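*Asks:* From first to last, the protein sequence lines are chains A and B.
Following the working numbering, the numbering of the first sequence begins with 1 at its first residue and continues without gaps.
Following the working numbering, the numbering of the second sequence begins with 1 at its first residue and continues without gaps.
Where hints are given, some of them may not hold.
Chain B is faced by these chain A residues, among others (derived, beta-carbon under 8 Å) [unchecked claim]: (1) Val78; (2) Ile84; (3) Thr88; (4) Val103; (5) Ala104; (6) Gly109.
Hints in this document: simulated from the structure, not taken from any laboratory.
Quick caveat, the model's predicted, so the values are computed rather than measured.
We treat Cβ as the ideally placed atom computed from N, Cα and C, and that holds for glycine.
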Amino acid sequence: MAENNVLMELRNVRQVYGKGPRSIVAVEGINLVVRRGEFVALLGPSGCGKSTLLRIIAGLNAPTEGEVLYRGRPLRGVNPYATIVFQTFALFPWLTVIENVEVALKARGIPLPERRERALSLLDRVGLDGFENAYPRELSGGMRQKVGFARAMAVEPELLCLDEPFSALDVLSADALRGELLELWTSGQIPTQAIILVTHNIEEAVFLADRIVVMDTRPGRIAAEVPVTLAHPRQRKGEEFLAMVDRVYAAVAGETQAPAIELGSAPGEPGKTRALPLAPISALAGLLEHLDEERGNREDLYRLADDLRMEIDDLLPVVEAGEILDFVHVDQGDVCLTPLGETFAEASILARKEIFASRSRRVPLIRWILKGLRSAPEHRLPRDFFQDILEWEFTPEEAEQQIDQAIAWGRYGELFGYDDDSEMLYLEMAEAPK
Amino acid sequence: MARARRRFAPFLPPGPLFDVGDVAVLLAVGVILYVGVRIATGAPLVVAGPAIRLEVRALPGYALLSTGRMLAAYLLSLTFSLVYARMAAYRRVARQVLIPLLDVLQSVPILSFLPVVLLSFSTLLPREVAAELSAIVLIFTSQAWNLTFSFYQALETIPSDLDEVSRTFRFSSWLRFRALELPFAAQGLIWNSVMSWAGGWFFLMAAEVFVVGGRDFRLPGLGAYLQAAAQAGDTRALLLGLGTLVAIIVLLDQLVWRPLLAWGERFQLEMVESQEPATSWFYNLLQRSRLLDRFVAGVTRPVGEWLDLRLGGRPAVDRVPAPASRFRRWVGILLALLLAGALLYGLARAIGWLLTVPPAAWGAIGLGLLATLLRVTVAVGLATLWTVPVGILIGTRPRVAAVLQPLVQILASVPATALFPVFLLLLLRLPGGMQLGALLLMMTGTQWYILFNTIAGASAIPQDLEFTTRLLGLQGWRRWRTLLLPGIFPYLITGLITASGGAWNASIVAEYVEFGGHTHSVLGLGAVIAQSTAAGDYPLLLAATLTMILTVVLVNRFFWRRLYRRAEEQYRLQ
Numbered sequence: 001m002a003e004n005n006v007l008m009e010l011r012n013v014r015q016v017y018g019k020g021p022r023s024i025v026a027v028e029g030i031n032l033v034v035r036r037g038e039f040v041a042l043l044g045p046s047g048c049g050k051s052t053l054l055r056i057i058a059g060l061n062a063p064t065e066g067e068v069l070y071r072g073r074p075l076r077g078v079n080p081y082a083t084i085v086f087q088t089f090a091l092f093p094w095l096t097v098i099e100n101v102e103v104a105l106k107a108r109g110i111p112l113p114e115r116r117e118r119a120l121s122l123l124d125r126v127g128l129d130g131f132e133n134a135y136p137r138e139l140s141g142g143m144r145q146k147v148g149f150a151r152a153m154a155v156e157p158e159l160l161c162l163d164e165p166f167s168a169l170d171v172l173s174a175d176a177l178r179g180e181l182l183e184l185w186t187s188g189q190i191p192t193q194a195i196i197l198v199t200h201n202i203e204e205a206v207f208l209a210d211r212i213v214v215m216d217t218r219p220g221r222i223a224a225e226v227p228v229t230l231a232h233p234r235q236r237k238g239e240e241f242l243a244m245v246d247r248v249y250a251a252v253a254g255e256t257q258a259p260a261i262e263l264g265s266a267p268g269e270p271g272k273t274r275a276l277p278l279a280p281i282s283a284l285a286g287l288l289e290h291l292d293e294e295r296g297n298r299e300d301l302y303r304l305a306d307d308l309r310m311e312i313d314d315l316l317p318v319v320e321a322g323e324i325l326d327f328v329h330v331d332q333g334d335v336c337l338t339p340l341g342e343t344f345a346e347a348s349i350l351a352r353k354e355i356f357a358s359r360s361r362r363v364p365l366i367r368w369i370l371k372g373l374r375s376a377p378e379h380r381l382p383r384d385f386f387q388d389i390l391e392w393e394f395t396p397e398e399a400e401q402q403i404d405q406a407i408a409w410g411r412y413g414e415l416f417g418y419d420d421d422s423e424m425l426y427l428e429m430a431e432a433p434k
Numbered sequence: 001m002a003r004a005r006r007r008f009a010p011f012l013p014p015g016p017l018f019d020v021g022d023v024a025v026l027l028a029v030g031v032i033l034y035v036g037v038r039i040a041t042g043a044p045l046v047v048a049g050p051a052i053r054l055e056v057r058a059l060p061g062y063a064l065l066s067t068g069r070m071l072a073a074y075l076l077s078l079t080f081s082l083v084y085a086r087m088a089a090y091r092r093v094a095r096q097v098l099i100p101l102l103d104v105l106q107s108v109p110i111l112s113f114l115p116v117v118l119l120s121f122s123t124l125l126p127r128e129v130a131a132e133l134s135a136i137v138l139i140f141t142s143q144a145w146n147l148t149f150s151f152y153q154a155l156e157t158i159p160s161d162l163d164e165v166s167r168t169f170r171f172s173s174w175l176r177f178r179a180l181e182l183p184f185a186a187q188g189l190i191w192n193s194v195m196s197w198a199g200g201w202f203f204l205m206a207a208e209v210f211v212v213g214g215r216d217f218r219l220p221g222l223g224a225y226l227q228a229a230a231q232a233g234d235t236r237a238l239l240l241g242l243g244t245l246v247a248i249i250v251l252l253d254q255l256v257w258r259p260l261l262a263w264g265e266r267f268q269l270e271m272v273e274s275q276e277p278a279t280s281w282f283y284n285l286l287q288r289s290r291l292l293d294r295f296v297a298g299v300t301r302p303v304g305e306w307l308d309l310r311l312g313g314r315p316a317v318d319r320v321p322a323p324a325s326r327f328r329r330w331v332g333i334l335l336a337l338l339l340a341g342a343l344l345y346g347l348a349r350a351i352g353w354l355l356t357v358p359p360a361a362w363g364a365i366g367l368g369l370l371a372t373l374l375r376v377t378v379a380v381g382l383a384t385l386w387t388v389p390v391g392i393l394i395g396t397r398p399r400v401a402a403v404l405q406p407l408v409q410i411l412a413s414v415p416a417t418a419l420f421p422v423f424l425l426l427l428l429r430l431p432g433g434m435q436l437g438a439l440l441l442m443m444t445g446t447q448w449y450i451l452f453n454t455i456a457g458a459s460a461i462p463q464d465l466e467f468t469t470r471l472l473g474l475q476g477w478r479r480w481r482t483l484l485l486p487g488i489f490p491y492l493i494t495g496l497i498t499a500s501g502g503a504w505n506a507s508i509v510a511e512y513v514e515f516g517g518h519t520h521s522v523l524g525l526g527a528v529i530a531q532s533t534a535a536g537d538y539p540l541l542l543a544a545t546l547t548m549i550l551t552v553v554l555v556n557r558f559f560w561r562r563l564y565r566r567a568e569e570q571y572r573l574q
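Construct the entire structure; sequences and hints are all you get.
*Replies:* In structure tokens:
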């Protein structure tokens, strides 16, 4: 009877934004099954398409290709059995707390007395009694999100979609709210049959979910599925919990691949252009210095984030930059310093620049810019030139970020410069445009 | 001060300065005008106007009539804008037609329509009805566009998360409108209503006193009262009339608009309290009153509840993109073809008619166009000369602002067209008096737009730039060139765009006037339009009106809009 347990299924889902050569693939080849009674976390760095996926499941977006099956039937339009809790709370600022909950019931045509009663009892359950007539702006973030949960539960959804609901909250409120959600869920007080949580917080996923679906970027696809078998309530400091977190970290960071795969190809060449990780160079230098001081020149990713007081979302691009430049190497959830990285960490500023320059010349995107500048008259080219070509594979914003990042690398390695007034890139030996 | 800016900014959609859509819209406007003028040829040659009584007792009645016209036109504008903007925002095909149409209509000098509208209406309807309807249509055309754009822009910028909430909870169309769209757009709509009313008075006063040749289209109202008083040389009645007008405007401001603005603060999207919220003593008073509470609890709530359950009881079926049915597509294509055919036919007829205009008349149109263009330029230039220094003074010195701002606001609230009879009374005896009067009317109609935008721009100049300039020891002209003028430039251009539009409008009433039993006119396109109306020379009327519309739209696109874009790009202070 396993089949009957399936609540929602994605089959070969692919979402493309835009049309023609400038289109961007948001997610691709997604196959996912959510069963009754399951709490599934979609985990991945920003831009991996996990929110897109959630919107497809809720029926807000229709996928470009593939099928969404709900209770075995293809989904058309908004999913009537699902609701969403938003990262931004998405409360109507002009409605009071109770009106914000009631409006969801009003949409179902429930008359005033019953509406009021249900809204009041829900607010009571999430601990907001006494705040019924306050406006959202008078509440703290945590309380606002409680309103968001109360509103979502008011319509007694079969499937509850959570779009990073805790990430805009302070640490304490987020912890408290997670606990309350788990209690409602595990005690069966709510008629909800399944929960899908989108998050970039690994610990949160391990704490809450029965199964973690790890997603990868460009294009968003499922990289791994990790079942979490720990019993609730889970102890955050417990050995098993930490081991689980470690396992997920390893799945998220992946392993360093062979150089050809790691570097990808240049824009205009066949194959996927490797995007430059959006990490400041100072952070990369800091990471290398830190690893240099560690015993064995290696450290666990999870502990590294803790040591550097960084969110994993911010740390991963830095590690990735190190990988591309062959300064670090990721192996089973550990980041290890390469000999080159060690040299860099211990070198003087000028020597660092030289090492950085020689390594970044190998990066296809940088190589491509250098080649373009070399063949250009007077060795300079407008920024738009690169922007236009990059937009074949990236969104305009992404392309802009890539150029900014490339300029930062080019400046640091003294490979090429950029004049902000005329918006021209130029080779270092050429003069800055007047 | 981002908000101060929004209050006066015209809607300037991105995209090319001029494209095929604009040409199509202009042609359609031309054909509609042609049809109007064709109908107008049947207008009675002599129209007897109403008798205007100058006793004080008559004033309240006139005031009521004028305000009633404004209200009727405003309600019409508001309804129109809500429907139109929703159609433009949610239907892709509709948007491609509706937005260029709106964009052209907003830059057309509305008063140039007045003769055609009056004449064609009076062919079809009894005199009183025709004059009333024309006034309302005229005010409507002056009020509707900015309201529509305001609502359209709000619909286009609804935050995606709130949009998703309304979809995932399956709001009905009505509930979405009431709980999301209207509240989100409320602040913009209220601000634009204030502007629409200010503009509306200008056109109402013009419409109430319209007389050409033997045709007297006056309407009993404050405008006609003021004109009659000026003609009779009755200073007491003149002052009383002006006083009544100012009193109505001030009362509306204090008892309606300010409370609404204060109430509108609750629709602020930001989750923090705003820096300088709009306040109103009357609103505070109302909030404290029990009566209002009871009214809300006893009347508005139940009515709203009833409406919600009636109109939005059932959850919305989500718009599943249904495959466009063949049949509907064919009907659409057929309709479009029919419309295009009718347009082409009308165009051919209109051109045929325009060809009957003798070359000499075209010469007069050209000469008049140049004269009016010169007059508009001089009026806007003179207005800029005095408003920029004063605006900068008010904008940069809070203490000066505290004294001058209320005074300026009251002065600005008096519609220029209401003052016109006063100017005439004072100036007509002087040599060149009519020239002076025309110029003065144009200036009073336009200077406030420039002034208020300059104030907004000057007060938006960041303090640190001001300090730096002072530290560098830049003074006098150099301070103006490096700090003040670049700082206010985009705002100034915004003000000038609105101002020049206003000046063209004013030319219709400023260049030709029947006063004290005599006709006074100066060389200009407005005078050509009025004279052709008086003489019943309909092809000439059509030619002159079309020339004015085309000129203003082209000047707007190729001069002002280009300048505006450059200002936006080069002088942004962010």
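*Asks:* Hint by hint, which ones does the structure fall short of?
*Replies:* none
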